[in-house]
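Chain by chain, the residues:
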Amino acid sequence: MEHIRTPKVEQVRLLDRFSNKSTNGTLYLTATHLIFVESNSNNSTSAGQEVWILHHHIASVEKLSLTTTGCPLVIQCRNFRLVHFVVQRERDCHDIYSSLLRLLRPVSYEELYAFSYNPKQNDQQREEGWQLIDLGAEFERMGVPCDQWQLTDVNRDFKVCETYPRDLYVPITASKPIIVGSSKFRSKGRFPVLTYFYQEKKAAVCRCSQPLSGFSARCLEDESLLQAISKANHNSRFVYVMDTRPKLNALANRAAGKGYENEDNYSNIRFQFVGIENIHVMRTSLQKLLEVIGTRSLSMSDYLVGLESSGWLRHIKAVVDAAIFLTKAVTVEGVSVLVHCSDGWDRTAQVCSLGSLLMDPYYRTIKGFMVLIEKDWISFGHKFADRCDQLDGDPKEVSPIFTQFLECVWQLTEQFPQAFEFSEWFLLQIHEHVHSCQYGNFLGNNQRQREELQFWRNMYHQFDRSMHPRQSILKTILTLRENSCKAESALQSLESRLQQLGVTPIVTSDPPAPPPTRDQRSSALPPRPDSLILGAPINHKEEHQRQDDDEQEEVGEEATESFDTERTVEGSSGTESRKQSYGELDGTYSSELAKEEPAVVSLEFGVARMTC
Amino acid sequence: MEFSEHIKTANVEDVVLRQPLHPPSRGTLCITGHHLLFSDREETGTRQFLLLLKNIDAIEKRMSGSSGTITIKCKDLRVLQLDIPGMEQCLNIAHSIETLSCLDCASEMYPFFHRPSDLSLQDQWGLSSTEKLYSQMKELHDRWRVSTVNRDYSVCPSYPPAVIVPKNIDDSMLKKVAKFRQGGRFPVLCYYHRKNGMVIMRSSQPLPGANRKRCKEDEDLLQAVLDGSDKGYIIDTRSSQQATQARMTGGGFESKSSYSCWKRLHRQMEKGKALQESLIKLVEACGDESNNMDRWLSKLENSKWLFYVQTALSTAGLLAECVERDGHSVLVHGSEGKDSTLLISTLAQLIMDPHCRSLEGFLALLEREWVQAGHPFMQRCAHSAFSHARLQQESPVFLLLLDCVWQLWRQFPLALGFSEALLLRLATEAYASDFGTFLCNSHQERWALGVMERTHCLFKALLRPRERDYYSNPLYEPTELAIWPSVHPQSLQLWRGFFLRWTQQSRHLEEAQEEIRNMVIEWGKLALS
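For the record, the sequence lines run as chains A and B.
Add 92 to the 1-based position in the first sequence for our numbering, that's all there is to it.
Add 25 to the 1-based position in the second sequence for our numbering, that's all there is to it.
Just so you know, these hints were derived from the structure itself, not from any lab.
Do not rely on the hints blindly, as some may be mistaken.
Claimed, not checked - Now the stretches of chain B that chain A is said to cover, found in silico as 3 or more residues with beta-carbon under 8 Å:
| no. | segment |
| --- | --- |
| 1 | 322–328 |
| 2 | 381–387 |
| 3 | 512–522 |
No residue lacks a Cβ here, since even glycine has one placed at the ideal position from N, Cα and C.
Turn these sequences into a full structure, and let the hints steer you where they fit.
This is the structure:
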């Protein structure tokens with residue numbers, strides 16, 4: 093490609109982020125990746141580490157001023173990888189720098205098209221997505237359409253609301269004029285529609301954007317649409333309207349002719365603010381968090397103070413709290429809820445999807461989770477391209493909303509280890525793919541009490557291997573499962589051979605209960621509906637993890653190369669790779685010792701490795 | 026003294042018991058010399074709840090009208106509530122609990138009365154002894170010997186009768202060295218690294234005092250430890266400033282001029298009061314019901330507990346690094362040599378020595394390095410986080426050890442042969458126990474009271490077949506390699522299993538553990554068939 097001036101630079105040093113260690117190797121620049129290959133000369137024990145960085149993962153490239161050892165190049169990736177190269181010759185460094193600058197953010201769609209997700213293709217992509225994941229079927233699963241809810245074709249040509257999908261579900265009593273009228277009263281035309289239906293109590297979760305109420309405006313159609321939503325649920329005489337913004341923000345919006353519902357105008361609503369901050373606050377918060385955890389020789393106290401002052405976990409908790417409120421309202425009180433924020437595509441998507449995840453075990457399966465993302469995020473128009481900075485857009489539009497959702501889901505998986513079919517890997521993969529500009533599959537979730545929330549080390553330090561546990565329970569269990577499946581089938585074939593030979597097996601005791609096989613798993617979807625926080629029966633995570641891994645491979649494709657290489661370096665089976673891994677000691681526990689005894693630092697044991 | 030003196034009301038009917046994770050139940054409360062017994066009269070058969078009075082850290086009573094409520098805060102961090110009808114009864118019960126829970130006469134404690142049917146007092150007490158260790162380690166025999174200079178506890182009251190010392194240092198020299206070390210704790214061998222023959226020694230601080238006295242025998246002993254190698258390290262668990270200040274009170278450190286081959290490394294480790302206060306703050310933060318993320322994080326930070334965990338692990342890492350990577354022998358001490366010293370030598374052994382990581386190995390390690398080495402359990406574990414009693418000798422050093430081991434266990438879930446349940450059990454037993462293991466402050470006191478004859482040993486009990494299954498790690502795969510923990514703040518976590526043990530969430534984690542255990546058992550069966 094014409095932008096690549098120097099495809100290969102030798103004698104490049106890769107500095108470790110938290111210690112004084114460094115590795116020598118060669119840097120290759122290709123049309124899609126930046127690749128660093130460790131040279132084996134000084135280290136015969138390991139095969140040499142490889143780092144693959146997809147250009148699209150690069151968030152920023154920085155060339156620092158020249159030092160005696162060479163020219164430093166710092167690359168910050170969107171998957172929170174941070175690499176620090178030192179290139180010997182300044183000219184090479186500059187070449188790479190300028191090539192990367194050109195490559196990482198294509199100006200025209202044509203350049204993007206070959207390997208990335210094209211925002212202009214949104215509609216078409218959606219349609220493809222619909223073939224893969226059928227949202228119509230998903231609504232049918234929820235029991236919609238039914239006697240109270242129907243499919244409307246009002247948005248067939250995306251005329252009423254261009255950021256909504258074509259097929260929308262509304263109360264049976266809501267006529268077209270009401271819908272159109274209501275959409276004119278809602279920001280970006282995003283009128284209230286159904287997103288999740290809780291069949292047991294006939295309670296609905298609806299979403300929309302803020303009303304254009306200003307200080308006094310009202311809209312009869314909008315009021316009657318809310319009335320219709322309320323009427324559709326016989327369990328309750330009112331609906332909750334959740335405004336997921338802090339009250340102050342909502343008030344400020346009033347001055348701009350927007351705002352929130354006035355309880356006096358709507359006879360049947362209970363209005364509630366939840367106080368999730370806006371995209372700008374979230375962006376700053378994540379930046380602060382990354383700054384803190386990127387500090388070298390961070391002390392425990394600075395870490396906790398930094399974690400707190402970044403506010404990141406507070407924001408995560410706000411989202412989870414909102415989802416819990418939603419879940420309780422729907423499953424316990426049986427009341428329908430209407431969720432909105434400003435435009436109804438960030439906070440609303442977070443809260444609705446997380447709430448559905450808490451309510452419905454189906455969404456905790458791999459397929460269900462993909463459906464959930466398709467439904468609440470992709471089809472209802474979360475602005476992935478803007479939020480994830482996929483094109484050279486407005487930096488103010490970038491915000492880790494989806495990352496936050498994923499983290500919320502991770503917090504839930506931590507607290508309910510057996511309730512999810514997928515593992516942390518799945519979440520990380522999804523995060524990876526959002527930023528690699530491919531097909532959008534993503535998830536996220538999170539839980540309530542403060543102590544329970546933790547720092548998600550594997551997300552933000554995914555590539556700082558020294559910080560991870562050196563052993564993985566998951567891998568062992570997977571190996572174990574594989575082995576027992578093999579043993580199981582061996583046993584069966586032996587038994588059938590015995591029968592063929594006309595011998596009755598001598599063993600009279602029952603064979604041990606076989607672990608559930610995969611067919612059983614796929615056929616038996618967990619019974620719905622059960623709420624997580626209300627003590628749901630648990631389907632077994634471990635049983636599904638094998639499948640989980642398979643799924644990851646499928647979703648994988650080209651952007652996972654970076655992962656795959658790492659996996660091969662590590663060795664794919666849990667048992668082999670464990671052998672070499674402990675010896676690794678990152679840096680040293682003592683700076684004094686290091687200074688005095690350089691030998692301590694240079695000792696190298698085994699391959700660095702990342703576990704799940 | 027009779028227990029009955031303190032019991033004015035032994036039985037109360039119609040009491041409501043509220044405990045975490047269970048619905049309230051109504052039944053009969055009964056108080057005995059050592060226990061609080063509650064049995065409910067559900068139609069589905071009676072359920073009993075037994076609580077060792079020793080486990081009670083603090084109680085609060087609140088009267089309203091003719092009934093009263095007693096809130097019981099236990100040393101294992103559980104909080105119970107009893108609603109008792111009748112004011113007088115309530116006051117009587119509260120009084121009995123208050124008095125009986127803090128009796129400090131060891132010989133009247135429950136271990137002397139506990140007689141489980143499947144254990145016999147005739148069994149050998151404990152898992153290991155100095156002599157046994159020595160006879161097992163043939164490598165030691167060239168240069169080391171077992172000394173029984175302390176057989177009547179006169180040289181060092183807090184040491185066991187037998188210790189391992191360099192071969193060419195005779196008992197008369199040891200007596201002189203003991204005079205030069207605080208509390209007589211002269212340097213003894215606690216770990217021999219098979220790979221390179223290096224050792225870890227531990228002791229208390231030397232006593233050069235303000236006039237910088239020297240002790241020829243002490244210098245000789247340390248020289249004998251080096252045995253020709255050019256250098257050794259001394260890890261002092263105080264800051265160099267603290268060590269210098271200790272001179273004013275007669276203590277001090279090994280000066281460069283007198284111990285030319287030894288290099289001192291100072292690592293300040295908090296103990297005593299600071300640690301106890303840290304625990305109190307942390308437990309208070311964990312019990313706070315308001316769901317505020319920021320307040321939680323700043324309280325967690327303010328408690329400094331995780332900071333102490335980090336310091337302990339990284340100092341232990343340093344110690345292991347000196348021995349394993351650097352190939353030098355190390356002497357560890359702080360001031361008394363009964364707290365932080367034991368903490369880091371234990372952790373370092375876990376990091377380096379695969380034998381210590383099995384269930385038996387770990388228990389034997391604890392027995393050697395804590396029980397026999399004279400960690401004053403009675404003093405340190407007299408009260409836990411709730412007590413309003415004035416702080417004296419209390420300090421959760423042992424709990425800190427268990428937390429550090431848990432962090433290791435999190436980072437190396439396959440390398441350790443025991444489960445989290447064992448750590449939780451030990452954390453409870455150290456404060457209140459049916460067994461005699463953690464009674465008293467030293468081997469001498471245990472010997473004087475006949476603990477070894479008249480009580481049962483916890484470690485033995487934990488190795489009974491049923492217990493062993495429960496406390497071992499189903500995924501254990503022994504490895505010969507050292508397990509280097511990561512000590513980045515991001516890698517350390519709050520020990521939820523302990524500090525948030527009585528909340529709902531830990532249930533789900535336990536279930537997952539159980540599931541793993543079942544899978545492994547299933548696989549074991551399959552492999553057999």
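Check of the segment 381–387 of chain B against chain A for coverage (Cβ-Cβ below 8 Å, three residues minimum): With 0 residues in contact (Cβ-Cβ under 8 Å with chain A), the coverage given for the segment 381–387 of chain B is violated.
Verdict on chain A covering the segment 512–522 of chain B, where coverage means 3 or more residues with a C-beta closer than 8 Å: holds (count 9)
Annotated coverage of the segment 322–328 of chain B by chain A, confirmed only when three residues or more have a Cβ within 8 Å: With 4 residues in contact (Cβ-Cβ under 8 Å with chain A), the coverage given for the segment 322–328 of chain B holds.
Violated hint: 2 only; the structure is consistent with all others.
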